[in-house]
Amino acid sequence: MPAGKEGHLGDVILRVEDLHKRYGKDEVLKGVSLELRRGETKVIIGPSGTGKSTLLRCINQLSVPDKGRVWLEGVEITHARTNINHIRAQVGFVFQDFNLFSHLTALHNVSLGLIRVRKMAKGAALERAREELARVGLAEKACSYPAELSGGQKQRVSIARALAMDPKLILFDEPTSALDPELIGEVLEVMIQLACGGMTMIVVSHEMGFARAVADKIIFMEGGGILEEGTPTELFTCPRCERTGQFLRKITELYGETDGA
Amino acid sequence: MSAPEILWQNVRPLFDALPVTLAVLGLLLVVGLTLGAVLAFAQTYGRRLLRHFCVGYEQLFRGIPPLLVLVIYWGILQSYGTPRILVAALALGMRSAAYQSQIFRGAIQAVPPGQMMAARSLGMSRIQAIRSVILPQAFRLAIPPWSNEYSSVVKDTAFICVIGGLIDLTRQAFMKLAPLSMLRPIGTQLILPYLIILGLFYLALTYGGNGLLALLERRLRIPGFEMKGKVER
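These protein sequence lines map, in sequence, to chains S and A. With our numbering, the residue at position 138 of the first sequence is 138, and numbering never jumps. With our numbering, the residue at position 7 of the second sequence is 7, and numbering never jumps.
Treat the hints with caution; some may be incorrect.
Claimed, not checked - Example chain S residues on the side facing chain A (calculated, C-beta under 8 angstroms, incomplete):
| id | residue |
| --- | --- |
| 1 | L9 |
| 2 | H86 |
| 3 | Y145 |
Hints were generated in silico from the structure; no laboratory data involved. Just so it is clear, CB atoms sit at the ideal spot from N, CA and C, and this is done for glycine as well.
Take these sequences, add in the hints, and give me the full structure.
In structure tokens form, the structure reads like this:
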């Protein structure tokens with residue numbers, strides 16, 4: 001367990017129960033359940049095509065699950081009556097390919113949600129956006145457009161964009177997979193800071209260094225379900241499933257053990 | 001009278017007819033732009049029935065010659081006392097809307113889906129996302145193909161000469177042809193140069209309009225965007 005995080009977990013903030021999702025003939029999620037406590041960081045690993053990204057999208061309903069329910073702080077997100085925009089404003093989402101608004105500067109990317117969704121006054125929103133950019137180390141890039149930024153910078157802006165909304169949790173969908181190796185570190189550094197600062201997050205990632213450093217739990221997914229969940233130590237030293245150990249050895253070989261920080 | 005004098009005498013009325021062409025052009029662009037944008041959004045984001053209606057509209061208006069559309073509209077609307085300029089603008093504008101809707105639809109669909117996803121993930125409603133994220137990007141993408149449609153409708157305005165009593169550039173010029181051909185031999189020799197001058201009026205309109213559009217495109221260019229993937233040699 002990472003130092004300083006033990007015993008700091010709060011009540012259950014997110015509950016996912018028996019999620020099913022099918023794309024055409026393909027059943028991507030075959031009944032996934034999990035719980036997340038306030039301040040907890042869970043890292044989801046698993047081979048590609050096992051529904052990791054779909055799971056994250058089903059949590060904030062960017063994809064609508066065929067079956068199953070999701071609660072955020074006791075409010076059922078999956079209920080038809082729930083205002084999904086209101087829920088999404090409280091759940092940050094960081095995409096693999098950033099999805100920064102390409103016609104807006106970094107500053108306006110971060111402030112847009114504050115102005116449009118939080119109805120914040122423009123001046124206050126811009127000030128807040130500046131703070132968030134400074135927090136991810138990009139204060140001087142406020143006026144740059146996404147096309148003028150490196151991949152690592154783009155991803156940090158997109159993290160700032162999520163942070164500005166004061167999210168109750170952030171979902172990271174392979175945040176470093178589209179980055180050059182030497183740019184991964186700067187993004188992981190920001191994420192480690194967040195995790196240590198008590199942010200609640202689910203991270204789909206194969207960065208094992210990051211997982212070992214900050215994950216409270218690692219979830220191993222395969223074939224549309226959760227095969228195993230445990231602390232990094234448990235999974236690395238004595239995984240319950242042979243398959244988990246096999247997979248962990250393989251990606252450790254591939255990605256190495258650098259913690260990126 | 002010398003040939004240049006005769007020519008000038010006949011060209012000057014063209015300037016008097018220019019406002020009619022410009023008015024029809026301006027109005028038809030407003031109609032086409034507004035209706036075209038509505039159709040494009042309805043077709044992209046609307047429900048099935050609405051989408052089918054849009055497709056039907058586009059097929060209908062893209063399938064009939066502009067001259068015929070004008071005559072039909074004139075036939076229907078003149079009995080209601082609709083001003084001629086409005087009839088012309090409506091007929092050509094509704095026709096242009098069909099073309100423009102496809103331009104806008106293409107532009108909307110060219111905005112990567114991740115942009116909508118990111119906007120919605122922040123808690124924006126679909127309308128908000130369209131307004132603040134999709135529209136500004138689609139607008140930029142639509143300018144080059146839209147300039148194509150602009151050039152096309154400038155010349156479509158020449159068809160309004162079929163509406164009696166509406167004296168636009170083409171109508172005015174054609175009215176001068178008969179008297180000109182009476183002035184033998186000099187007049188008949190001037191007919192071709194005269195028509196070329198008429199052509200220059202239309203050329204000036206397309207050239208000027210496209211110049212403004214190119215300016216707009218440059219003004220709205222997103223920094224860094226145009227350099228991506230550019231092969232420099």
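| field | Status of the Y145/S interface restraint (C-beta, 8 angstroms, chain A) | value | At about 5 angstroms, which falls below the 8 angstroms cut-off, the nearest Cβ of chain A leaves the hint on Y145/S intact, so it holds.
| field | Given hint L9/S near chain A, where the shortest CB pair must fall under 8 angstroms | value | L9/S check fails; min Cβ-Cβ to chain A is 25 angstroms, beyond 8 angstroms.
| query | Can we keep the H86/S interface hint, with Cβ of chain A closer than 8 angstroms? | reply | Holds - the Cβ of H86/S comes within 8 angstroms of chain A, reaching about 7 angstroms at its closest.
When each numbered hint is compared with the structure, a violation occurs for hint 1 only.
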